[in-house]
Structures are given as structure tokens and as C-alpha cells.
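J.: Model the placement of chain H on the given structure of chain P, informed by the hints.
Line by line, the protein sequences give chains P and H.
If you count by our numbering, then the first sequence holds residues 78 to 1019, one letter each, in order.
If you count by our numbering, then the second sequence holds residues 14 to 113, one letter each, in order.
Don't read these hints as lab results, they were simulated from the structure.
Among the clues, some could well be false.
Straight-line distance between alpha carbons at most 30 Å, and here's what the computed DSSO-like set of lysine-lysine pairs gives [claimed, not checked]: (1) Lys109/H x Lys903/P; (2) Lys796/P x Lys859/P; (3) Lys93/H x Lys457/P.
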Amino acid sequence: MSLIENNIALNFTFDGKAYQGFEGDTLASALLRNGVKVVGRSFKYHRPRGIMGAGSEEPNALVEIHGGGVCEPNRRATTIKLFDGLVAKSQNYMGSREFDLLAVNDFIHPFLAAGFYYKTFMWPKAFWEKIYEPVIRRAAGLGELTRRADPDNYGKGFLHCDVLIIGGGPSGLLTALNLGRAGQSVILADDDFRMGGRLLSELDLINDDAPTNWVAQTLAELESLPNVRLMPRTTIYGVFDHGIYGGMEIKTDAIGTSGPRQISWRIYASHAVLAAGATERPIAFANNDRPGIMLASAMRSYQNRYGISFDNAALFTNNDDGLRTATDHIFDVRSDKFVTDTAGRKGLKNITSNLGEKIDADYLAMSGGWNPNVHLTCHKRSRPKWDNALACFVPDGATLSKDMSVIGAAAGHFSTHHAFEDANKLSAELGAKIDTLPRAEDSPITIKPFWHVAGKKRAWVDFQNDVTAKDIALAHQEGFTSVEHVKRYTTLGMATDQGKTSNVVGLAVLAEATGQTIEQTGTTIFRPPYTPISIGAIAAGHRGQSFKPTRLTPSHKFALENGATMVESGLWKRSQWFVRDGEKGWRDSVDREVEMTRNSVGICDVTTLGKIDVQGRDAGKFLNKVYINTLSTLKVGKCRYGLMLREDGIAMDDGTCARFSDTHYVMTTTTAKAGPVFRHLEFVRQCLYPDMDVHLISTTDQWAQYSVAGPNARKLMRKIVDAEFDISNEAFPYMGCEQVTVCGGTRARLFRLSFSGELAYEVAVPARYGDSFIRALMAAGKEFEVTMYGLEALGVMRIEKGHAAGNELNGTTTAANLGLAGLMSKKKDFIGKVLSQREGLMRDDALKLVGFTCKNLSEKITNGAHFFEPNAALTPENDLGYMTSVAWSPSLGQYIGLGFLKAGSTRIGETIKAVDSMRNNTVELTVVSPHFVDPEGERLRV
Amino acid sequence: MIINHPLLGPRDAAEFTYIGDAALLMRPNPRSDTAAEDFHNYQYLRGNVAGEMRELWYHEQGDRSWLVVTRNTLTHEISKVELARDVKRTMTATSKSGLK
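One chain only, chain P, in its complex shape (with noise of 0.2 Å):
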């Protein structure tokens, strides 16, 4: 009854070497077909490892696949579907599979036992970083990365459905087939190829027919539903809050292909039902680790799913249903007899009793008992509780969610006729109708909890970590006993497989050592995700340039044919500058702007600064509370700056206020907090003010605004506002605003607004005419020799005028500290009020906003160094500031600065010295006014 197609060949290479195996197979039946029984070494001992398990539990066949930029290390070579050209290698060793350099490390293993890093790497100290970290890192970790990108396609995807089947076994399947028939929306999720679970590998009949016939009757009906998503090669990894559940889908392992190669889903489920079936214990014997000893339920997958004989093979088993496993040789616990060792370093060779009889053996199949698969119910913190008659840890129902249900063999419920029973039941719950159940067979539970033979040599728990009982016992003996401190100091569980195979044995043998009982002794937690999954699958479409948005203001593209360099701010892509013909450097882009705007005119795109519509009858009312001065007197037709804090009193953002009517403001905020201030203000009208009439709307996307500024930025935009509107300085003077057309009727806001301390405007026009204008604009300029200016040129001008950005508003600095406490109302409350009059903030030599030059010209300035007096000692308690902002001024022909120094304002015209030791940078300093061009402010008054 395989289920292997032997008329469709693939070919394969595994470490180079060609093979052949057919449709149907994973890598790891394909290697057992061809007699490969060493795939990779051991973590620790660099054992030769064969195949232990044939699903997901497998602890010993990780091996990589592909190579360059796609090399995918420490997959399970029982969960590959094999397909026509995969290249498989093994991993772990110096040198090569069959003969590793490293395997002395299993000839000195006496000194190699359970913390032994701890012990032996403790001296002489400085041994550590040089020579033992170095050779430990190299001989240790599993497999190995490229280091380059990964050039596949992942994909991400959300999906909703009432009911998701975790597992596509007998209880799965049948439950799907009853809810689906019942109309409801099911998702069935199995992480295997095929669904089907263990009728796809155990002989017994369902209705005297053979199992797989009813598997493929149950899909062909599921397939038929619209309702029902069946999802095979679907690992169900992770169990959230409220529902939502994690699921990996690897479409193929192949590369190159056009789709992704997994998909990352997300489904969100109103009930799961838990289907995940069992997975079965090993025992540990001494030397339990050869190559061709393996769990007896995967040699039955081997022989009858995939067709594959294992002459002269043994069984070791506890339990009745170890005995289905067709073998030569029976070592029954039940009838005294064990396993006591084995022989065969590259695979097994023969078994030794404890009759004392050696017997020779191929293949040895192990048969512990069986751990249902729990791990899902703990990720929401349910814990399992151990059942003595069935030797196993089950969910416990009274903690379990309330929105997951276990059946079958998960719920320790082993027979399939029990697996039906349950589907049949939760279906019923769950409001579907049932049929009859099918017949199948009801084999009793009938195991003697048996889980180590006692000697000395090593005896394997946990294979993918090295860790052997007597390591646990170890442990113990040095004083670990609980089984979270045994877990950590052996690593027991700890490996990529969390322990599917080792966990159970590791604690009945520890039980054992510390004279408990299991249940007394407890479990470790599962936690996310169930397997190993890729972290490219997670991120899928998340990187490089889709990492995050772009946004790009309506001049983006002019600014480009411009010459412009872009800078990042925040998601926006914003001008630095533009070069032209002979610009050697940024320098000489920068200074050629600043000198052009200040003599003539320039234009920069302020399209990235934060709009806020303001509207409603208690708008002023409302921003008196947020604004530290007041707002509500303002004039219609006229803008005001303002300061905004945060309930703590520091300064949040700053900005200009400009008011189109009675109910009707527009709030400018930075780049920067254009998303925080807008969160800010519907806090404060929602939570703090909700009967205040005022509603909030962010137009930044809505306007592309530009700033026109110089001398000539009148005359320029004489000829772009259309000719009814004045513009003249008496009948629109500094800090106005109005609602204009421009160019023969195009609906635009004009404010004369200025941060360059020039004559200027910002205009600004709805977003879809922000290209075709700023062409307008800079051929209307072209007579007066307008330039684009960028956010160099900007933040030199605004240092040069003094004003204060998002260098000085850094999240520690008040209204005091920026030279603006007089802005503060005292007649109203504002949020940040009663917090900014804190005596430690009000301090007379709190830090103030000034300006510095050099005394030396020739010197340069730096940002971020901090102020001493000239001649005291460079200590925290002497510290009297630091720098915010420096530039090259060329309007001034020096260097100049802006920072905070205590009482700095008190202090215009003394020297003080600033050191930068990042930089290694110090200078003599001369305090001075931080408005360093037109303190009086007539130029953008005229």
C-alpha cells in the first residue's frame, strides 16, 4: 500500500554524491532507500547520526539545502518533500560525514559531561576572549549562514474562518469533514505533505478497507467544499491572544520558481481544535544513538508509507502498540528483557541483552510510549497534567483556553476509533450534525512505564543537544533539582526540536535521580514557535525598499532633475541640497543657496511639515489649551507662532497658527512630530475636553506648500497670486494669511510666514498642482535668478536667525530653556502649566538658549560638545552645557553656534571653552545672541 509513485523518478545529491528517489518520498525515506544511514554529526560528540524519527520530532538528520544566497541550514531531512534536483549536504564537522576531526570530542567525552563550560573555561581569565571563545565558537552551532541575502520570494497573508483543525489525522480529518459538511468555514492545517497523520503509515482497516482509501475518499469530499481550506505543508507554529494563530506554508522547497516559497498566514479563528496527534519516545540504553536505531512508528512509516524494507531489523518497546512494528528480533520490557548497548559506529551492527546474548542487527526500532503532541495548549499558558495510566503528559481541561479543544491522540486518546469518537462529539458541540462512526480499530492502552536501562556508558535523552542520563544525573548530584535549573545547566530540550523526543525521558529520569515522581518533578513550557521557521518568512515582503513607506513630496520629481540629494526624515524623502555645474562639495551647493535666497530669492518645498485643521466654535478655546500662549485672540487673517508642552512642562513642538475665519485655524507642526502632536490633540479633546465643539483633520498630504523667501520674493510672487488679490506689505503684512488663487484661478492658501528671517511667503496649493506650481514658480523666478533651496541651506538660515529646532527641542528643554518663558499666559491654564513652574525647571541658572562664535576664526565648532569654564577641570559638576546646533554662516563669513549654558543669557560676550571628545575638538568660545542676522527683524517686515 506504499504510497510512493515508483514510476516518477527524482534525482538528488546529498554531500555531492547522486541518488535517486521517487514522487512521494521526503529526503529522509529516500536516503534510508538508498542505504545512507549516516546524515550529520552530533552537536556535541560529533557522533555519526543516522535518521531517528520520520516528522517533525526528528533530532538528528538536520541538513542544508541549496547553497549560495538561498542555503537553508538545519533543515529536518524528514520534512522535505524530495523534488528533481535538490541538493542536500550534511552538517557538523571538520573535515567530512564519514570521518569527522571532531569526533575526539566523543573519545574525551568524560571530560566533555554536563556543564562543562562552566567549569573548565573559568581560568586564567584572560584565556577567555583570545583562545577559548574563539575555538568554542568554531566547533560550536548547528549548521551555518551565508551572510548574504536571501534573493527568494516569502509571502505574508491573513485568513478568517470559524472553526481551524490543527492536525490532518483520523480526528481532524473527520472532524473537517463533519463541520464542513455542516456549512461552517474550516481551515485544515497539517504540517506533512499529505494529510492523513498515521493512516497514512499504520496497515489497520477502516471500515475493512485500507486506511489511506478512507483518507482519500475524506479529502476528495473536503476538497469539494467551498467552505473548507485545506492546508497541507501548513505548520500551525504559534497560538496568540484572541484567536490568532501563527501558520508557516512552505509551497516549495525548490528555487527559483515564480510564487513564494512559504507563506507566513495569519489566521484568526473563532475555536481550534487541536489534531496534532502523538509523537513517540524513545528509550535510553547505552550507545541509543547509532545510525539505524530509530522510533519504531517511523520505521512503520519507512516500510509502509514509503515502501521501504529494513531486513534483519529489532524491537525495543514498553508497549503493545510498539508491537505492530514488523522486526526479526523483540526486546520486550514487559517479558524482562533490555537492550543493554549496541555496536556499529557508522551504523548499528548488533544488539547486546541483558541475557548477555549479542545479536546482530541492521536496524533497531524503539518503542517508549507516546507524548501527546500538548505544545499548542501551553502557549497561552495552560499547563499539561501527567496521566499515570497512559505514561504521559495530556492538556489539562481546566486551564486549558476556553477557545481550543484537543482531540485524539493530542488529548492522549490513542486508538483511531477513539479519535473518531472525539471528532464525532466536538463536531456535535460544535453544532454540526454526525453520521455513523467509521470502524476502526480500538487497541487498549497497555504500556509499562519503562525509560532507562541503568549502566554506565552514555544512554542518549536528548540526541539534538548531546545530553545523556547520566548528564541529568550529573545535574542532580551537583545540586540542580528542579527542572527548569536541570533544563539550562544540561541543555536538555534546548535544541531547535524543544525537546519533541527528549523532554519526557529527561524528566522520569530525573524523577528517577531525585527520588520523585514526574508529576512531582513538572514540565518545562513549549513556547512558540513549534518548529523552526524562517525568520525571512516573518519579515516576507518587509525589506529593502518595502521595509517601510516611502513618501515623497509633489516637487519629488523636480527635485531630482534639479540636481537635489534627498535625506530621509522620518518616512519622507526631503532636498539636502541641489548642485549645480562646478559645485565641487555640499559646501559650495549650500553657501551658493543661502547667499542666492538672502541677495535675491529661493524657494524650498515645506510640503513635509505637520498640517492640522482646526475647526469648530471652541477652536481658539481649544488651542489656548494646548499653545502656551494665547491663540483665541488672534485675528482672522493672521498667523502666530506657538509652543506646545507636554503635561510634564518640556517643550513638545513648536509651530505657526494661522486663523481663515472665526471656527477655522491651520496648525503647522514639524516633520518630525506631525503623527505625536495630532495623537496629542485628539487626546486632549477626547479624553480631557470631550463637549469642547472642535474637530481635528491632518491636511499634510492634502497641500504642497513651498516657502518663497529674499528680498525679490514680492516681486516673484506678484506675478504668481492672482492680480485681485494685494499682496502689498500694507494690505498683506508680515504674519498674514489669506485664501488666494494663483495662476488664473487655482485655489491656494497664502501666509507671510518666514523661518529664514527674510521677507517671505508660504503658499500653498492643493497637492495634485504641487509639480506643474513649483515649475511655475521657478519660471516666474528665473528673471530674479531664484534657486531651490534645501534643508542645509534652511537650517543655516534659521540658525542664523536663531530660531529654535528640533536640535533644541529634544525632549529635556522648557519654555525657560528656549529663551521663550515670556510666551507662557499667565491669565489661562494650558496643558504643561503647573509641571513647567517646578522649582528644579525655574531655576535662575537653568540652561538658556544662546549663541556662540569662535575667538579664533579659523577654528571650527562642533555639535554636541559641551561648555566649561576656560579653565576648570573637564568633570560632570562643571559641565555648564552643550551645543545644538552649528553651521557655517555665510551671510557672516564664520562659524556659528547655538547651544544651552546655564544662565547663558546672563552671560553675552564671555568666553568659555567647548570641548567635543568624541571629536577630540576644543575651542574657545565667545557667548553672543543667538540672532546673528537682522536681530530686529526688519528684513521680513518690508
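T.: Here is chain H on its own, set in the frame of chain P:
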């Protein structure tokens, strides 16, 4: 997590921004004699309990509602979701009528 928005129905928690204790709704009276201390407590002494808690969540990637979410911080069970403005109005009405 999923938050059952009173206006929009169930929404993924990823759409929200979280700022913790809903006590922030109760901004003290700035004119009180004890305003300095009241504001200190309001700003800095916020609850963060292991168990059921009323928290402020902001639907930033949605309709921009501030919500008061009653959530058990140990189990993540959400027992109530209200619009913050409704909660604030009720509080204001209660305190005006002299009830605490």
C-alpha cells in the same frame, strides 16, 4: 490581540497605540491649592497592575478614537471597550453631581 472597537467592531491591536492607565482622563484642577502635587501624581504615579486594568488605546491606524479598554494584563482578556469621550463625560457628570 483583538480590540472590539465600539464603533468599528473587532480590530487588530496592531492598529492601535497604547499609553497605559486610563487615570490620565482625570486631569487635576490646575487652580487647586494642591495643584503641584496633584499634577505630579497625575503625571508620574500611574497604575500598572497585574490583573484587570483600564487602559487608554488610540486607534491611530484607524478612526483616531481614544478608547478605554478594560483588560486583564495577566490573561489579556478584554472585558470592556468604551469610547474615552463617553467615559470622560460620565466621570465629569458624576463628579458634578457630588458623587465619587
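J.: Does each hint hold? Answer for all of them.
T.: To see whether the hints hold, each was checked on the structure:
1. Lys109/H x Lys903/P: This hinted pair holds, its Cα atoms lying about 27 Å apart.
2. Lys796/P x Lys859/P: holds (11 Å)
3. Lys93/H x Lys457/P: holds (21 Å)
Of the numbered hints stated above, none is contradicted by the structure.
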